[in-house]
Each structure stands twice: as structure tokens, then as C-alpha cells.
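Colleague: Each chain is listed here by its residues.
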Amino acid sequence: MEWETVIGLEVHVQLSTASKLFSGTSTAFGAEPNTQANIYDLAMPGTLPVLNQEALRMAVKFGLAIDAEIGKKSVFDRKNYFYPDLPKGYQTSQLDFPTVGKGELVIDMEDGSHKTIGVTRAHMEEDAGKSLHEDFHGKTGIDLNRAGTPLLEIVSEPDIRSAKEAVAYLKKLHSMILYLGISDGDMSQGSMRCDANVSVRPKGTTELGTRTEIKNINSFRFVEKAINIEVERQIDIIEDGGRIIQETRLYDSERNETRSMRSKEVANDYRYFPEPDLLPVVIDDAFIESVRETLPELPDIKRARFQEQYGLSEYDAMVLAADLATANYFEEVVAGCDDAKLSANWVMGDLQAVLNKNETPISQSPVAAKDLAGLISRIKDNTISSKIAKTVFEAMLAGEGDADAIIESKGLKQVTDTGAIEAMVDEVIANNPDQVQQYKDGKEQVIGFFVGQVMKASQGKANPGQVNQMLKEKLSS
Amino acid sequence: MMIDSGLADISRALADGSISSVELTQDYLKRIAAENTDLNAYITVCDELALAQAKAADEKRSNGNAGVFTGIPIAHKDLFCTNGVRTSCGSRMLDNFIAPYDAFIVERFNEAGAVTLGKTNMDEFAMGSSNETSFYGPVKNPWDRTRVPGGSSGGSAAAVAGRLCAGATATDTGGSIRQPASFTGITGLKPTYGRVSRWGMVAFASSLDQAGTMTQTAEDAAMMLNVMAGTDVKDSTCSNAPVEDYTANLDKPLDGLRIGIPVEHFSDGLDSEVEKAIRAAIAEFEKLGAVVKEVNLDNSHLSVSAYYVIAPAEASANLSRYDGVRYGYRCDNPVDLEDMYKRTRSEGFGAEVKRRIMVGTYALSAGYYDAYYIKAQKIRRLIKNDFQKAFEEVDVIMGPTSPHTAFPIGSKNDDPVTMYLEDIYTIAVNLAGLPGLSIPAGLVNNLPVGLQIVGKDFAESQLLNVAHKFQQVTDWHTRQPG
Amino acid sequence: MSIELADVENIAHLARLHLSDAEKQEAANSMTDILGLIDQMQSVNTDNVEPLAHAFDAVQRLRKDEVTESNHRDELQKIAPETDQGLFLVPKVIE
Chain V
1 MEWETVIGLE VHVQLSTASK LFSGTSTAFG AEPNTQANIY DLAMPGTLPV
51 LNQEALRMAV KFGLAIDAEI GKKSVFDRKN YFYPDLPKGY QTSQLDFPTV
101 GKGELVIDME DGSHKTIGVT RAHMEEDAGK SLHEDFHGKT GIDLNRAGTP
151 LLEIVSEPDI RSAKEAVAYL KKLHSMILYL GISDGDMSQG SMRCDANVSV
201 RPKGTTELGT RTEIKNINSF RFVEKAINIE VERQIDIIED GGRIIQETRL
251 YDSERNETRS MRSKEVANDY RYFPEPDLLP VVIDDAFIES VRETLPELPD
301 IKRARFQEQY GLSEYDAMVL AADLATANYF EEVVAGCDDA KLSANWVMGD
351 LQAVLNKNET PISQSPVAAK DLAGLISRIK DNTISSKIAK TVFEAMLAGE
401 GDADAIIESK GLKQVTDTGA IEAMVDEVIA NNPDQVQQYK DGKEQVIGFF
451 VGQVMKASQG KANPGQVNQM LKEKLSS
Chain S
1 MMIDSGLADI SRALADGSIS SVELTQDYLK RIAAENTDLN AYITVCDELA
51 LAQAKAADEK RSNGNAGVFT GIPIAHKDLF CTNGVRTSCG SRMLDNFIAP
101 YDAFIVERFN EAGAVTLGKT NMDEFAMGSS NETSFYGPVK NPWDRTRVPG
151 GSSGGSAAAV AGRLCAGATA TDTGGSIRQP ASFTGITGLK PTYGRVSRWG
201 MVAFASSLDQ AGTMTQTAED AAMMLNVMAG TDVKDSTCSN APVEDYTANL
251 DKPLDGLRIG IPVEHFSDGL DSEVEKAIRA AIAEFEKLGA VVKEVNLDNS
301 HLSVSAYYVI APAEASANLS RYDGVRYGYR CDNPVDLEDM YKRTRSEGFG
351 AEVKRRIMVG TYALSAGYYD AYYIKAQKIR RLIKNDFQKA FEEVDVIMGP
401 TSPHTAFPIG SKNDDPVTMY LEDIYTIAVN LAGLPGLSIP AGLVNNLPVG
451 LQIVGKDFAE SQLLNVAHKF QQVTDWHTRQ PG
Chain R
1 MSIELADVEN IAHLARLHLS DAEKQEAANS MTDILGLIDQ MQSVNTDNVE
51 PLAHAFDAVQ RLRKDEVTES NHRDELQKIA PETDQGLFLV PKVIE
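Protein chains in written order, with our numbering: chain V, 1 to 477; chain S, 1 to 482; chain R, 1 to 95.
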């Protein structure tokens, strides 16, 4: 039996506004418990909500970026349930009239192919507070700093067909929200949270199987693992003759398994109804256009431009455009050295390797873009070879200065003087008659030996191209 | 005694120096101390605060900085948050709640120099029509202490009628200002929805609640509305409509005023003596130059039904925050979270509140939302349309505020529906968001009868003008109990 | 429309209210009466009527995104039933 996996993702993105969705309290991360919780956030009697303009703009901005219908009249609703981190006993959310309607996101697979994933909707809602279960001797501590922070809940169509596609979707979404500057999208800190709705069905059928909702996935890697393990679980059950129970399950990353969430078993009747303390949110074309003007060049457009403008391959363009900070860094390097190919190689290769190793974001790169451009310029103008450049780069990472300073102080300048090279070439030829004979007998690859000898004699500083050229001429005569 | 006078007279007396705010406040506090144990109009009396405010007011006056409201002692319904003072909403749930901020209207009155005598009694969380559901016990009607003053603003009504304050703030969701005003022979104003900010006014039914006034006269109501009305960015439902000086047009002649009398409000159920009094009152308006005609409010009979879906539904969500976690009552020794929620809420809330939470929860629950909540919102539109149609032909609508006079305490406790029908003439006005006033219009067996006057959106000025002209040619509003 | 005890239990749970057996029966009775009142709404046809959520046609005001609130934890927690190290305490929640 061949199975098809059907996945829909619900992603909650914490919007990076200065204040909360309905109150003027700060949303800054890391404050002492309950120091960012005012009378509205604490749901004191008589308090009322007023909508944060920037949260609305950010939601619309997202909608425009995914080519979605923008809800010109959207409505907030109360979603009623009891939990200690939900101070009002209801969450103010949007049900029937969300700010963002149907849109789509094009995802990039590892093999270079693209797939369009539908986005059903995106709506604004309040975040809940935090419950701390340790440290309180049989009690739970509630911190409401986070309560009321604006969230954008983005719901995908069940168009995703594998764990890998799910990861690609999340990565593209992550890239998009960073581009838009609406969130820092940090899954480990909870500013981007993902729940996966997973079901399976026999390949070729169209009816949807019973789905489960997987929660508590806090990294791209875990998304892939959680989905895969859940698909396996479901297939096992069905193949054994059982039925899937529609339920919410928690992903346990340590055991790599999903577990049923006891507290959510009882079906929650949320009794949604329109929020009477808020009026319908009406936006006009002028508002939407003013938001549209703030849209940056989006990832896919930038990728296409990189291919066109810099002659990069689709793959290279995609990698560089995926992260806005990297894209900007790359362009700054190109501007400084006028060589897109070299710039791409160095940013994606040597630099990225160092950043990955130290888990440093490019915004905190030890080598500034203009300095990398400086290094590449010296390769281009033959001051140093590519190989020597790596040495210089190491020194730059160690904080020893810029490229010129290091080349100077370490005397790494490439030898390009024809006379000097000729002298070394002549010497090497004279000292190695056997290899000369081998070359003349047709063993052409022996030229590598000669090149190596010249490089050794010049302490790596001879221009390899010139050495090669000259050896060929002299050995062929 | 000065403390028997209304706001306008007191303001003049303070201005011309015949009495000081401190003296006035002391006199009120003395009377409260003597009467409140029996009447039970006040839940909290703010002796120290009041005297401090009175002193400050007198100082302001001696510096030449006094305004119209400086030094006038008033009371606030215990539904309005008052910073540093208990705000109980008539409930055990908030018996220990010291509000950490002032409601918008409280701030306004404080800025205007008013003196806060105390917080008045009310039906628990504003749910009731007799002030019998309060955790602090029922309020008595000064006209007959075996009878109810009406509700939910029974305490404010009894305080004004019993001359325990010069005026009081109150709230009206389905009739909670107008009906008690009617039962206690005073003037009660519910402004247009959105005219007065709800910030700091503890929510019962958000789309219906509105803050208003309880006073002896329409002129006094205008004085209070001048302080209360206005935009507040903290309340998203508060209107930007321009604020007038509500005292400016009180004396405008009523010639040509078109009065509509809803046929539906004069049918079965209306006490015949009350009807007589109301018709006599309306005849006075004709003498003043008004013309009267019948109008139809076809969907009137459905207003109570629609209200008892919408109000409990909104209330059921508004009251979810009372969970024993961050403030207010918490049950003793909860064994787990569920136990804490359930016992806190069951012990903290009284029977009527729990009943309405249940009804509201039911109306919103899966499978019933369309049949109940949406249906009620549709009826609401029909009711609003009825008024709009009527107002194409008339300027104001008049009728009885209540089908009868004040009933005995305890006489309607068997069946909630009987109590709900108390508001049969007032509820539609809240559903339509319109302004409504009840003024004393007669006595039946020495119990007050109230005339309800309803106006178009933001027509408070006209309503107060109409009421004031009536009060210039009649003396029902001057009658006092005993 | 009559309300059964099972309905009462379900609603009471959703609303986090605890009712004794006697209270449950009383609730069933009074709710049945109230629903009788409410059911009168069904007597009028509202097929082509738009629900009215807000009395007036107004739209939501927007607030500038700026921090206007400061820390008042100590003052606000003075009236809390139970706190420790700045957190509100409740009986332990099992996820």
C-alpha cells in the first residue's frame, strides 16, 4: 500500500511591535515576571482594548507579500476558554473576517524545484502568558508579560506532501517575515511557533484522512522529525486495522515520538462571538497602498534579480537571497570589488563556514562586507593568489587588520615579475632533467610537479597562472 | 436643609458662599450614618476621602478657581472603579477588590472638583431589576421601605431619592437607571450608547452598558452629563460625536414638538392607574404646544427575548476573568486548578449571576449560536429599524417606564422570567443604542410613576429640554417620600 | 426547548461553575423557562435581516504603537490572592 501524507501548517508569528496588540505595554523580551503587565493585560475589571496600528500594518504587509486578499473589513472575535495564562478567560482573535485572506507562498526544494503552497488565511490575535511549573512546590507560577503580545496566525492549505516540504515552507515563511521586518522569527525563543496537522491517505485517493495536530515543535529539524514519526505512527495504526483518533499530540524531541495531550482531549467549545469592545476594522485602498510602499524587494524577486544582474546560478541566487542580511552583505561586497562570482563563492563558502561554526549571524560577521570586498579585489588584481587569500582571510578573522595591511605585514604579495618567475622556472627545469624528459615523452601531467616546485621556491607567492604559462612554453620548446 | 436640594441649587449656594463644601459634606455624612443602615443605599462610605476633597474644593473656591461642580457631593455606583477605594459591583467576588485606577467618569468628576461620598449598592454585576441580588443585601425604597427601589442602580436611586447625596452616577444596560428612577420618583438619564466612556466601568454587557445619571431634576442631569460626556481614546466604542453644553437648551419652548406614543407600550400588562398617570403627563406636553400621535414599534414584544440572549452571552464572557488568579475572591484551599475555578466562581457569584452566565454560555455554545445569538442580533436590527421609522414622524417617543410601581421586596423571586419582564419598556432603547430618560410623572398609592422619554441618537439636549419644560409646569419631581 | 441535567452539567463545566444536585435541577428548570422566553424570537422571520452587533456604524480607532505603560507590579500584586517572586500562583497545572 502506498501512502500519501497530507500536511497543513499553522504558524504563529510574534509581531515585533513596540507595544502590545491592545494595550500600550512594552513587548520587550526578557523582562522580570509581570513587570510588563498593566491593568488591561491583567484583565482588571473595567479595562478595554484599543488596536495597535502597527500590528495591523504588519498583518497587511504580510498579506501583500503573499499576494493575498486583504480583508478591508475585519472583525475581532472572542475565543472563550479557561486557563491561568489567559487572563480574560477569552482570547481576542479573528474568526470569520480575518485581516488576510487567501494567498500563496512558493517554496524551494533542495533539488531546485519550486512548489506553490496555498495560504488559507492569516489573522491577528493576542498571545497568552507563560506558566512556570517548576520551582513552586506544587504550584504553578503565571507570568503575564507575554499576555497580549500581537500574534499573526498563518494557516496553510493542506497542500504540503512531505516533511521536507514542510521544512521548505517554514524556511520560506521565516525568510519572508524577516524580509518584511515584522518579526525576528526565532523558533527557539518562541517568536515563531509551528503546529502541524498531519494525516495520511492511500496514494491516489482524494478524501482526507483523520488528522492529528502536533504541537511543541520548536526548530526546523524537529518539524521534519516530528512529522515523519507521526506519519509512521499513523500508517502503523491503519495497517494494523486501527483508526486514527482526531486529537492533539505533543512532540517529544528527546524520545522522538508524539504523545497524546490529556488536557486537550475534552473537546473545547470556544463559543466564538464578535468582540463587543472593538468595532470592525475598516481599511481603505489608500491605507493598503501606504503599506505596499513599505514592502522590500521580496526574496523571489531578489533571487531573480541576482541571477539577472550578477549572472549567478539559480541555486547560488537562492541561497544568497534566502536571508535578507546575507543578501545585503553580498551586494555590499560586490559593490566593493565588482566581482559577483568571487563574492558569491566567498560569502557562501569561506565566510558561511566560519559563521556556521561559531553560530554567528551575518549581522555580527567578524569580517565586514567592505573588508571582504577588499580581499577579493586583491585576488582580482593579482596581488595575491586565491590560495594565499585564504591565509589572509584567516588573519582577518583573527582581527589582524584588513587585507592590505596583512599582505604587507606578512609579505604575501604575489610575485608577478616575469623576470623573477623566469629565473625560478629556469632553475627548476635545470634541476629536474628526469621530469623534463618525462614531459617531453608525453607525460603532460608532470607539469604539476614543476608548478609545485616553483611555488615552493617562491614560498607560494609566484602567480600560478604565469608559472604554468611559462613552464609550458619552456618545456615545449 | 441644603442637603435636600438638587445639584443646581447647591452649586449656586456654594458659589454665593451660603454654605461650604465641608459643611455640606458633613451634613450628608451625618444623614448617611443615620439612614444607611436601614436604606442600605451605600456599600462603602468614603468619610475621609470626601472631607479631604471637600476641603480642597473650599480652598479652590477661596482662590477663585471654582467651577460649576466644585465641591458638590455625589455618589458613584459601585460598578465604577475608584482608585484606592473598594469597587465591589455588589458581589462577593470583588468584596476585597481595591481598584488600582479611576474610571473615566470618576476622573472627570474628580477634575471637576466633585466630592465622592461613597459607592452605592446595586444588583450584583448590574444583573437585576430590584437591587435584591446584591451580596450586601437589598436596598429599600425610601418611599416605602417594604418595597424595592428598582435595579440594578437601586442604591444610586435610593441615595438620591433619600437625599443622601446631591446626585449619583449609575449605569443602564436594559433599564437599570430608568426603572429605579421611575420607582423612586427621580430623574434618570441613560445617554446614547457611546456618549460616555466605559473605561473603568465594570462590564456586564459591553454592547448595551452605558453610564448615566440619577438626579432630582433634568437640569441637574444636564450638569452631570456636561462632566461625563466626551471622547475617550481608551474606549474603542466611545463616540467622537461633538459634545454640547447640555444646560444650554433647557428652556427652549416645546411648540411643535412631535411626540410619539407607542401603541405596544399601552397594552395588557400596564397597570391602569399607571396608564392614567402617564396619559395625564402626556397631556401636559400638549398644553406646552406639543403634538401627540401614535407610533408603532412592531417588534417591541421581542425585545426582552433578544436582550436575554445578547446580554447574558456578553456577560458570560465578561465575567470569565473572575477566576481567583490575579485579584478578587479565591476559595479556600483549592485542591487543583479546576477546583479553584469552580469553587471560586460558585462561591463568589450569586444565583442570578450564575443563572445568566449559564444562559449566555448556552446561547453561544456549539449548535445554538445561530438560533440564539445571531437571531437575537437580527431582532436587534429590526428593533432599531422600528425606532428609525418612528423618528421619521416624531421627535421623541414617550410612554411608561415601568408597567407598575415599586413592588414588595421578595415578591418576584420565584421566577426569573417575571423579573425580566420588568424591563419590557426600557430594554428596546438599549438594544437600539438610543438615549432615554425617566422623569417623575405621578403617584399611584403614594408610589412614584415614571414617564420614559426616548430620543434619537445623541439627542440628549432635546430630551433634557423636554423634561425640563415639564418640570417647570409640574411638581412631581419635587415630591419626597414621607 | 427543555434543558436536561446533562446539558446543565456541560454548560456548568464550560463556565467553570460548580452546582450541587439540587442547584442543577433548579438550573435546568429556570433555564427551560428562560429559553421559553427566548424562543419567542423564532416567531418572526428574519431571513433577510442583517445582524446588528454595534448600535452605530462606526469603525475601530487605531492606536499609535508606542510604549505608554510602566512597571506597577508591586502595586498591582498587592491585591492578588497569591504571589511568589513576582509570579501569580495557582494550583499546579498538569499539561
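Hints were generated in silico from the structure; no laboratory data involved.
Here the structure is a predicted model, which means the values were calculated and not measured.
Every residue, glycine too, gets a C-beta built ideally from N, C-alpha and C.
Wrong hints could be hidden among the right ones.
Unchecked claim - Beyond 12 Å from chain R on every Cβ pair, some chain S residues (computed):
#1 M2
#2 I19
#3 K30
#4 A33
#5 G230
#6 D235
#7 I261
#8 H301
#9 A306
#10 D336
#11 R345
#12 E347
Stated by the list, open to error - In silico DSS-like pairs for lysine-lysine, Cα to Cα no more than 27 Å straight-line:
#13 K72(V) - K92(R)
#14 K79(V) - K234(S)
#15 K342(S) - K72(V)
#16 K78(R) - K342(S)
#17 K139(V) - K24(R)
#18 K92(R) - K79(V)
#19 K139(V) - K342(S)
#20 K64(R) - K342(S)
#21 K92(R) - K130(V)
#22 K234(S) - K64(R)
#23 K342(S) - K130(V)
#24 K130(V) - K24(R)
#25 K79(V) - K342(S)
#26 K234(S) - K73(V)
#27 K139(V) - K64(R)
#28 K410(V) - K443(V)
#29 K92(R) - K342(S)
#30 K410(V) - K456(V)
#31 K456(V) - K64(R)
#32 K139(V) - K78(R)
#33 K370(V) - K341(V)
#34 K55(S) - K234(S)
#35 K215(V) - K78(R)
#36 K370(V) - K387(V)
#37 K384(S) - K287(S)
Colleague: Does each hint hold? Answer for all of them.
Modeller: So, going through the hints one by one against the coordinates:
Distance check for M2(S) against chain R: the nearest CB is about 38 Å away, which clears 12 Å, and the non-interface claim stands. For I19(S), the non-interface assignment is confirmed: its Cβ lies about 38 Å from the closest Cβ of chain R, beyond the 12 Å cut-off. Taking the minimum C-beta to C-beta distance to chain R, about 32 Å, the non-interface status of K30(S) holds against the 12 Å cut. With a least CB separation of 28 Å from chain R, A33(S) remains clear of the 12 Å interface cut-off, as annotated.
With 12 Å as the threshold on Cβ separation, the claim that G230(S) sits away from chain R holds: the shortest Cβ distance comes to roughly 14 Å. Not every CB of chain R lies more than 12 Å from the CB of D235(S), the least distance being 9 Å, so the non-interface label is violated. Interface exclusion of I261(S) from chain R stands, the closest Cβ pair being 23 Å apart, more than 12 Å. Some Cβ of chain R comes within 12 Å of the Cβ of H301(S); the nearest lies about 7 Å off, and the non-interface call is violated.
Distance check on A306(S): its Cβ comes as close as 6 Å (rounded) to a Cβ of chain R, failing to clear the 12 Å threshold; non-interface status is violated. Distance check for D336(S) against chain R: the nearest CB is about 5 Å away, which does not clear 12 Å, and the non-interface claim fails. With a cut of 12 Å on Cβ distances, R345(S) falls inside the contact zone with chain R, its closest approach being about 5 Å. The beta carbon of E347(S) is not kept farther than 12 Å from every beta carbon of chain R, the shortest such distance being approximately 9 Å.
A threshold of 27 Å between alpha carbons decides the hint, and for K72(V) with K92(R) the separation of about 44 Å lies outside it, so the pair is violated. With a CA separation close to 22 Å, the supplied pair K79(V) and K234(S) stays within the 27 Å bound. With a C-alpha separation of about 41 Å, the suggested pairing of K342(S) with K72(V) is violated against the 27 Å cut-off. Proximity of K78(R) to K342(S) is assessed by CA-CA distance (about 24 Å); at most 27 Å being required, the pair is judged to hold.
For the hint pairing K139(V) with K24(R), the CA-to-CA distance comes to about 31 Å; that exceeds 27 Å, so the pair is violated. Taken as a hint, the K92(R) and K79(V) pair is honoured in the structure, with Cα atoms around 24 Å apart against an allowance of 27 Å. Using a Cα cut-off of 27 Å, the hinted pair K139(V) and K342(S) holds, with the two alpha carbons roughly 17 Å apart. Taking the CA atoms of K64(R) and K342(S), the gap is near 39 Å; set against the 27 Å cutoff, the hint is violated.
Proposed proximity of K92(R) and K130(V) is supported: the alpha carbons are some 13 Å apart, at most 27 Å. A threshold of 27 Å between alpha carbons decides the hint, and for K234(S) with K64(R) the separation of about 12 Å falls inside it, so the pair holds. Straight-line distance between C-alpha atoms of K342(S) and K130(V) comes to about 22 Å, which keeps the hinted pair within the 27 Å bound. For the proposed pair K130(V) and K24(R), the alpha carbon gap of about 35 Å is over 27 Å, so the pair is violated.
Between K79(V) and K342(S), the direct Cα distance comes to roughly 20 Å. Compliance with the 27 Å bound is thereby established for this hinted pair. The suggested pairing of K234(S) with K73(V) holds, with an alpha-carbon distance near 22 Å, which does not exceed 27 Å. A C-alpha spacing of about 38 Å is found between K139(V) and K64(R), which places the hinted pair above 27 Å, so the restraint is violated. A C-alpha spacing of about 37 Å is found between K410(V) and K443(V), which places the hinted pair above 27 Å, so the restraint is violated.
Taking the CA atoms of K92(R) and K342(S), the gap is about 15 Å. The hint holds against a cut of 27 Å. This hinted pair checks out: K410(V) and K456(V) have alpha carbons roughly 17 Å apart, not beyond 27 Å. Between K456(V) and K64(R) the alpha-carbon distance is near 68 Å, which puts this suggested pair outside the 27 Å criterion. In summary, the hint linking K139(V) to K78(R) is supported, as the alpha carbons are separated by about 19 Å, within the 27 Å threshold.
Under the criterion of a C-alpha separation no larger than 27 Å, the hint pairing K370(V) with K341(V) is consistent with the structure, at around 16 Å. A distance of roughly 31 Å separates the Cα atoms of K55(S) and K234(S); the hinted pair therefore is violated under the 27 Å criterion. Under the criterion of a C-alpha separation no larger than 27 Å, the hint pairing K215(V) with K78(R) is inconsistent with the structure, at around 36 Å. The suggested pairing of K370(V) with K387(V) holds, with an alpha-carbon distance near 20 Å, which does not exceed 27 Å.
Restraint check for K384(S) and K287(S): not satisfied, since their Cα atoms lie roughly 30 Å apart, outside the 27 Å limit.
Of the numbered hints listed earlier, those contradicted by the structure are 6, 8, 9, 10, 11, 12, 13, 15, 17, 20, 24, 27, 28, 31, 34, 35, 37.
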